[in-house]
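K.L.:
Sequence:
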Amino acid sequence: MRGRIGVARPITSDDLVWFPFRILSLVTPWTVPTGCPSPVCKTSPNPTNFITTCFIFTNKTWTEAQQYCREKHTYLATVTNMKDMKRLINISAGDQSEAWIGLNTKPEFTRTWFWSLSGEKFDESEKNWNNNEPTDRGIQGSENCGIVYQNLTWLDQGCQWPEYFLCYDGEY
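Per my numbering, the sequence shown starts with residue 1, numbered consecutively.
Be careful, since some hints might not be right.
Taking lysine-lysine pairs in the DSBU-like style, the calculated list, with each CA pair at most 30 Å apart, reads [claimed, not checked]: (1) K127 - K60; (2) K106 - K72; (3) K127 - K72.
Hint data in this document are derived by calculation from the structure and do not stem from the laboratory.
Since the model is a prediction, treat every value here as computed from it, not as a measurement.
Start from the sequences, fold in the hints, and give me the full structure.
P.N.:
What follows is the structure in structure tokens.
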């Protein structure tokens with residue numbers, strides 16, 4: 001039989017991209033609604049450090065991405081160890097060069113950055129800002145959300161811009 005347009009095929013291990021972020025438990029994987037691009041997900045093979053991280057191929061604002069992840073009982077990706085970040089290869093998953101992560105700041109907190117998971121301030125010694133970042137060049141200091149860029153550094157960006165994003169399941 002000839003291939004049919006619009007018929008989904010199961011995701012195989014050849015389709016998966018490894019995103020090494022640490023979590024300690026697994027949550028049942030979610031299903032993607034009809035018509036949405038399939039996320040690329042990978043679960044860590046290490047039985048003491050399970051993780052599933054998914055690159056979501058849908059453009060959403062940072063807030064929409066966070067809401068999407070939370071509806072799936074996940075979070076935007078949190079980087080707690082730069083060794084893990086340095087192993088994060090093929091972030092583009094094709095031609096995409098950046099994606100939302102859980103990094104954000106509230107303007108009233110004088111540019112103190114937090115991870116969306118628990119609102120905890122991130123460790124300054126583990127920062128990975130791109131050169132001259134964060135810039136906060138947006139209108140009235142509106143670059144309050146973080147993305148991971150193709151070279152695995154972080155940029156601050158206006159939260160209202162649609163981007164692909166990284167979710168992971170589980171809790172620390």
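K.L.:
Measure nothing beyond the straight line between the CA atoms of K127 and K60; if it is 30 Å or shorter, mark the hint as holding.
P.N.:
holds, 24 Å
K.L.:
Does K127 pair with K72 here, judged by a C-alpha cut-off of 30 Å?
P.N.:
It holds: about 27 Å lies between the C-alpha atoms, which stays within 30 Å.
K.L.:
Compare the distance between the alpha carbons of K106 and K72 with 30 Å, and conclude whether the hinted pair is satisfied.
P.N.:
Distance ~24 Å between K106 and K72 Cα, so the pair holds.
Checked against the numbered hints given earlier, the structure satisfies every one of them.
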